[in-house]
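Engineer: Chains as they are written, first to last, in the numbering used here: chain E, 1 to 477; chain G, 1 to 374.
Honestly, the hints are just simulated from the structure, not real lab data.
Errors might be hidden in some of the hints.
[Stated by the list, open to error] Quick partial rundown of chain E residues pointing at chain G, CB under 7 Å, derived from the structure:
#, residue
1, S410
2, I469
3, P474
4, A477
[Said to hold, decoys possible] List time: in silico DMTMM-like cross-link candidates among lysine to aspartate or glutamate, alpha-carbon distance up to 25 Å:
#, chain 1, residue 1, chain 2, residue 2
5, G, K293, E, D55
6, E, K93, E, E441
7, E, K471, G, D309
[Said to hold, decoys possible] Distance windows between CB atoms, simulated:
#, chain 1, residue 1, chain 2, residue 2, range
8, E, T255, G, W73, 50 to 58 Å
9, E, D297, G, D170, 33 to 41 Å
10, G, T216, E, T438, 34 to 42 Å
11, E, T2, G, T265, 28 to 36 Å
12, G, Y346, E, W104, 47 to 55 Å
13, G, D92, E, D468, 16 to 24 Å
14, G, D170, E, R183, 45 to 53 Å
15, E, A343, G, E275, 38 to 46 Å
16, E, T447, G, W73, 26 to 34 Å
Remember, predicted model here, so these are calculated numbers, not experimental data.
For glycine and all other residues, C-beta sits at the position ideal for the given N, C-alpha and C.
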Amino acid sequence: MTQSYDVIVLGGGPAGVRAAIAARRQGLTVAVIDEGRRPGGQVYRAPNFTVSAADLDANPDLVRGERLRADFAGSGAELFARHRAWFAAPGIKVSAAGPEGATWFESRALILATGTSERAIPVPGITLPGVIGLAAATVLLKAHGAVPGSPTLVAGVGPLLYAVATSILKHGGQVAAVVDLSRPGEWAAALPGMISRPDLLARGLGWMLSLKRAGIPIHHGSTVTAIRGDVNVQEVEICPVDGNWAPIAGARRKTIAAKGVAIGHGLTPASEFARILAIPHRFSAERGGWIPTLAPDRKAMDGVYIAGDCAGISGAAAAEIAGTLAGLSAARDLGALTDAKYAELALPVSRSLARAERFGWTISKLMSLRPGLARAIASDTVVCRCEDVARETIDDAAKAGATHVNQLKSLTRCGMGPCQGRSCGEAAAEIMAADTNTSREAVGAWTARTPLRPLPLDVLLGSYVYEDILKPPPLPA
Amino acid sequence: MHDIMVIGGGVMGCTTALRLAQGGLKVLLIEREGLCMQASGVNAGTLSVGIKRASLIQYAIRGSNLWRTTPEWAGFDAGFHQIGGLTLAFNDEEAEMLTERMDARKANGAPIEMVGLNRAKEIEPGISNKAVLAAYCPIDGYANSNEIGSGFRGALKRAGVEIKEFTRVDGVEREDQGYAARTPAGIFRGKRVVIAGGVWLEELLKRDFGINIPITCRTNMVSVTERLPPVMRNVLGIATSLLTLKQSTNGTVLIGGGWQGKGDTKRGGYEIVPENLLSNLRLACYVIPELRKARIARTWLGIEGNTQDVMPIVGDIPGSPGAFVIGAVRGGFTIGPCMGMLLAQYILGKEPELPLFDPTRVIVPDDTIERVAS
Ligand SMILES: Cc1cc2nc3c(=O)[nH]c(=O)nc-3n(C[C@H](O)[C@H](O)[C@H](O)COP(=O)(O)OP(=O)(O)OC[C@H]3O[C@@H](n4cnc5c(N)ncnc54)[C@H](O)[C@@H]3O)c2cc1C
Ligand SMILES: Cc1cc2nc3c(=O)[nH]c(=O)nc-3n(C[C@H](O)[C@H](O)[C@H](O)COP(=O)(O)OP(=O)(O)OC[C@H]3O[C@@H](n4cnc5c(N)ncnc54)[C@H](O)[C@@H]3O)c2cc1C
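Pulled out of the complex, with its shape left as it was, chain G reads as follows (with noise of 0.2 Å):
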């Protein structure tokens, strides 16, 4: 019997579980596939401040933070980099809105400075000369996503914890001495229990825990173009967050902003939507038009999920004592170690350093399913 059980091992149950560990706590966690083959391996990796939800502006400082330092809390380097960040504006209405939105977030602490033409141009000699404003964040940069699966591995199992990958949950039941979860593999007890089944979470909580919270399926491309001369030094973006843009050290560039493909829970990212595509790569050469020049060599999809709120759920699940959730975060890959290391201060009996993410508030009663007895 382990303490706890966590089931999915993105990147909130690879940090919860490493955190559980360092705290004492005998962990197994279970992942239907690979470490952080999901959202947290496909991502684009950029770890933007200046560009998250003003409300979150907190969480996402700490969360790349924790990025800078894996070395220290978790052994491994995530190939942080922090080349600072350039959201711009192209019209009026865009000017607005980033005033705005940047205002919100510089409340809550998100250290930006809005910039004219020139003072963009000093920053990032490379963009549009059509811009009409800019906000800068010294503090944005991008960490290598698809690195981490076997990072977290080896952190894990340095830490103790126990993990099954390639073996998925097919339920989680309530016991007198905890949880028990049925897998293809056979039956693992914990005291307690962790979920953290990224876009999944709807399915799994309503399957096993009986409680209905609506999570959309977000279905994200992302691309890379082949190595370049250096033609950007910032994360770049546009004010209504539909651009993410950078250039890595080997000189590919990631063109993201959560451009919709298809998808679904149960086929992952499926399609392409061309006209979707084609406006993301637009967007891209309209803000760095030496990018032309380049390239495509590859467009992926991934899925996450969101709330109705576009809030996070990081807390207990109600009615049931002795679990937890953790998810559903908008920019969670920035934002994921640190609500791993929130979560992990709770479970392990301490005042989260800032507060969770109450799952109840989005709830929404659903007669289909039949309350689980408590």
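The following block holds chain E by itself, in its conformation from the complex (with noise of 0.2 Å):
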């Protein structure tokens, strides 16, 4: 049975809810189709406690997400929460595999608003229990209240290192110390940016201050050079890095008791829907990595509109306003809206857009990977963990003439494994531009292929009898 609406929205973060309601306010059918149980996505992501009054005085993302969430329960969408979409063609097809199964939709528009990927660089003994991505950290935190291993060192690059550290110390855990790739300089120099959004640049200090009071070891321009333990974490060897975030040679290398590790450089769009629909993408490294070309109105092709993260790194507050016009714009080209109130409606969440997304830019500048870390990957280092392929795997392949990131996958399966390189494709794509003395965009884009996560095929394909199956004529004798 196909499931029938005016708008499918992919992803129910904070741009997929604000996309909902909007399209939904002018009239239209809309379906949210989330892998989660509730809307919110990452930033606001429900938490599995019941919420009391004193943790929403705490912490001002729960009560954002709880506004998100109730505006969206009001709003007349539907939600097809647990669903994960793993399908979707022009014209609009889309298929999600529930609980129940695989069910399909068909819809006039579709608005991609998947949000992102965590970056992470390899360093030796990331695979060590006790090691989690920095975001993924954030999830631990939202969700349970806790991270594994304490204390805990926490590393990389952007805000989330404060917000992460500070969130453990709140919930009664250890910091080990804070290692920061930027440094004070760059942070200082981000504020102008910043200051279009006072109130979370407010936060961001408050974070940094509170870790100074609690008497947290903050190293900056410093960067992880190995992880130890036998079992698990047990030291973690840091070093300073120079501008490009190369760990300098020959500079004093820091040993550190930690036992547990929450590591992450940055963020990278969760574009894959994008690249299945074929829409054309640019690479910048500010916004994140590859990111789909789209019009100011976040149209991106016929139908298709995108908004969030996934269309470039530019933070929660940034990825609400740009859902809300990805809506309305849908709603115009369905003819929901007049040209003229969809102008009047667009202007000011266009102007908020701007300044949101200053301050979002600024610090996914911040956060933009620099290619000295990847350089820095040993050869035995594992880079693609679902291959189990190591730098010097990817250095021979360019040696033996591979150019570009698809050829090295067929060539070596560097990111042919279930995640689709959206673990290792960063480093590697890094590593590729290193060898072969190019650029990120001469060494292109990873092709994404349907399902993108493993699919079983079990939910797929439901019961079935032989006469169900469609048969074609036979292929000539």
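Grab the two chains, each in its own frame, and use the hints to assemble them into the complex.
Structural biologist: Below is the structure:
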């Protein structure tokens, strides 16, 4: 059975929820498909515990999240929770796998709002139990109020470092140190861009201050070069970096005792559906990598709109506003809004989007990957964990003449495993660019393949008999 | 000036170029992308003799043998595995079709044995009990198509072939001394030329040689599962040839059979057609019920070209002395190395081991083409 809607929204984070509400408000039927149990996405992830007034006081994200969920509940848009979209085609057809099997959808417009993936550049020991992604740590903290291993060393780049470290302390854990690739000067240089959202800036400064007060050592301009331990994490080696984030040869390395590590090197747009729909992309290090090209009204191709971090990292505040804009644009194109009414509604939205983007882009620029980090990966370090491909194998492929990441994939299986390069893609592409002495643009974008994440055949196929299978004419004898 | 230029670096172009160089010619190979990134690198890698068209059986047997012996003639391992092939029929109609088709293939030398369900289950314990008849072809197998691009790159270099990858040929013109190929990287010249442009042959032959050979673009879907414990041993298929199924040594199961997605020569394969994908996967799970427990990891699309009579074109380009064409081979991964060898034998002035396929038979008059002066 196929479900029919005017608008399908992929992703129920801030961007997707606001898009759905905006389109629904113009009288359109809307379905939101999200893997999670409740709307909210990453930042505004719904907690697994009952929220108390004290929780809300302590956490503005929780407040916003609850408001988002309340607005959504009142909107009349439908949520297909615990449904993972695995197929999308122009026209528009979508399929999602849920607890009861695959559901097929058709619609007149599609809004992509699938958010981000976390980037992690491998270091020796990153696979030890007790090591998790920095963004993944926020998920654990939000849902369960804890991370594995205490004290935890928090390492990588961007405001999430300070958000995670503060949150660990708040939940009664210990923080061994914060290891920040950025130098204080780089943070200072970002201030003017962040002034556009004083509320968010104040919050970030608050995190830094409370860490200082708690006496947590903060190592700026440094990176983790090794994580060691027999069974679990025991100690972490860190080293100062140069302006390219390459560990400085001969600089004094420091060893810090820790039982857990939260490490992340920024975010990349989850643009898989845009790539599957063959929307042209361009490379933008400052927005997190390959990003789909779209018009200012968020339209990317006939019937397809993109909002939130999957169109380029811009942060949660911008995601919500861009979502509203995408919902309005879809409503206009489907005839639910006149051009004049659209112009009137969209103008203030576009203005506040510009402000929010200014803030978001400043942060995403600060987090944009620099080449030194991946270049420093040792030859025997595993880059692609699914297919067990070490750095040296990638180097060999480049020596053998591979110049594009998709050639690398077919040569070495790097990025061909279940994660389809979501974990290793960035590191592998950086290595290719270094090896071939070219750029990320030149080594290209990974082709995304349906169903994006492994999909159980049982769920997909349902029950059937031989006669149900289509029988096109046989090939000639 | 090269002795010969080969345009298109799929399996047809690569094997022709390699054989020509081994025969002593100075060869230039020009490919728009990387070697074997189109059909030749994304195909399902099935080397089934037992499901080829009857008239191509001898070519398929040689092709499959050549994949086995790449270390000897090309110096690389193509991941060849001979695991046997079992083709099933699930009802009387299919059984009749299977018998008829297999008889014709047997008559042309395919070592095929017709077996009942019990014997079929000995050969392949995991198959569905619903099969009524099967054909067993012990020489069927597969190779790793995604690795052959780098294999051929090395082989061609060692044989002294000059390779221009990521170089698109925008036009081939006849000159006094031979042919000139225009590319964004400059003009290249050769005394002779081989056109091995896969599904783009129609376009290339029309544009540069003024002949119209309609080529249908077929967009095939292929799916692969995650790694799983062994669930099958053979290459499995069905009477209608609409399924190829096999498990590689790394545990992944490849599901193909020529089910159609959307694609064209401009954009390549660009869209999965869900009804067709579901039928392809349902068929696979029908044949090996255990497969239902697997998870599908990726589905992709590739395009290939067929002539109107679904037979290859390999030989002289009519009206253009010293110009040759090779391609449009159904099952062209299996048969490719044989075709490359045969065309090279012909170009090098030897008698080809098996007859070539004169393109004249599929030329369709087209008034819109200006006849090239010859
Ligand atoms: C793990 C993680 C944690 C983060 N934590 C924070 C944080 O604490 N603070 C902060 O400021 N920023 C955080 N970020 C950055 C943050 O994601 C964005 O700035 C913001 O959430 C973007 O909103 P969005 O609506 O674009 O995407 P998201 O909020 O990421 O929402 C996207 C939604 O799409 C769903 N989705 C994706 N693909 C599919 C699919 N195929 N089928 C069904 N559903 C799908 C996801 O489940 C998710 O709910 C985090 C990012 C990540 C990856
Ligand atoms: C998805 C799929 C699955 C298949 N499965 C099987 C299978 O299991 N078993 C089997 O035996 N066969 C299979 N086949 C068929 C087989 O792959 C093809 O018949 C064979 O690879 C064709 O080889 P080719 O060299 O003619 O074409 P291609 O590999 O397509 O090579 C043609 C080359 O010409 C290049 N080119 C085109 N125009 C220009 C230009 N202007 N300038 C420069 N270069 C140019 C192209 O870039 C391309 O690389 C499958 C095909 C597909 C698409």
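Engineer: Need the list of violated hint numbers for this structure, in ascending order.
Structural biologist: 5 and 6
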